[in-house]
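With these hints in hand, go ahead and build the complete structure from the sequences.
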Amino acid sequence: MTSAGNTIDDEDTFKILIATDIHLGYLEKDAIRGNDTFVTFDEIMKQAVQNEVDFVLLGGDLFHDNKPSRKTMHCCMEVMRKYCMGDRPIIFEILSDQAVNFSHSKFPWVNYLDSNLNISIPVFSVHGNHDDPTGSVLRHVVKKELLDLRG
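Residue numbering for the sequence shown follows full-length UniProt numbering, beginning at 1 and increasing consecutively.
One should not assume that every hint holds.
Unchecked claim - Cross-link-like lysine-lysine pairs, in silico, DSBU-like; alpha carbons within 35 Å at most:
(1) K15 x K46
(2) K106 x K15
(3) K46 x K67
What the hints assert, rightly or not - Estimated spans, in silico, between C-beta atoms of each pair:
(4) G34 x F14: 33 to 41 Å
(5) D10 x S105: 14 to 22 Å
(6) F14 x R70: 34 to 42 Å
(7) K15 x K106: 28 to 36 Å
Because the hints were derived from the structure by calculation, they are not lab data.
Bear in mind the structure is a predicted one, so any value in this text is a computation, not a measurement.
Every residue gets a Cβ at the ideal spot worked out from N, C-alpha and C, and that includes glycine.
Listed below in C-alpha cells is the structure:
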C-alpha cells in the first residue's frame, strides 16, 4: 500500500473500522426496507474481516430503539458471531482497569481474553442517543451481556 511515495507495512499499521448510526431494526416491519439495516450491518462487518481491522468501533446508535425487538437482537448476534469469531490473534491490549470499565458485567474483562471464546475481531461500542441505558436498566444490561457472551 502506498501513499505519496511512502510504503505502509500492514504489520505496523493499526486498523480501526468506525461505524456510527447503524440503527438496527429501523423499519424492520416494512416489507420493502425491513432488512436494510441488517444487510448494512453485515456489509460493515464483512469489510472489517476483508480489511483485517484490529477492532471495530461502533460510535453510537447501533439499535434504532433502546429496547430492540427479539428479531433485531437475533440478527445483531448472528452477524457478530459470523464475523467476530475466529482464531486470528488480537495484537493489542487494554491498559485501563477492565474491572472498572466492565463492572456492569458478570465477566469484568474484554471478551477476547476469555479462553472459552475465540474472538478475532473485537467490537467496542459507545452509547448514542438511541442507546439510552436508563430506558430499562435490567433489560439493557441483559441484552448487552447477551452480546458480550456471544463475542
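Against the structure, the hints come out as follows:
no.	hint	in the structure
1	K15 x K46	15 Å, holds
2	K106 x K15	29 Å, holds
3	K46 x K67	26 Å, holds
4	G34 x F14: 33 to 41 Å	37 Å, holds
5	D10 x S105: 14 to 22 Å	33 Å, violated
6	F14 x R70: 34 to 42 Å	36 Å, holds
7	K15 x K106: 28 to 36 Å	31 Å, holds
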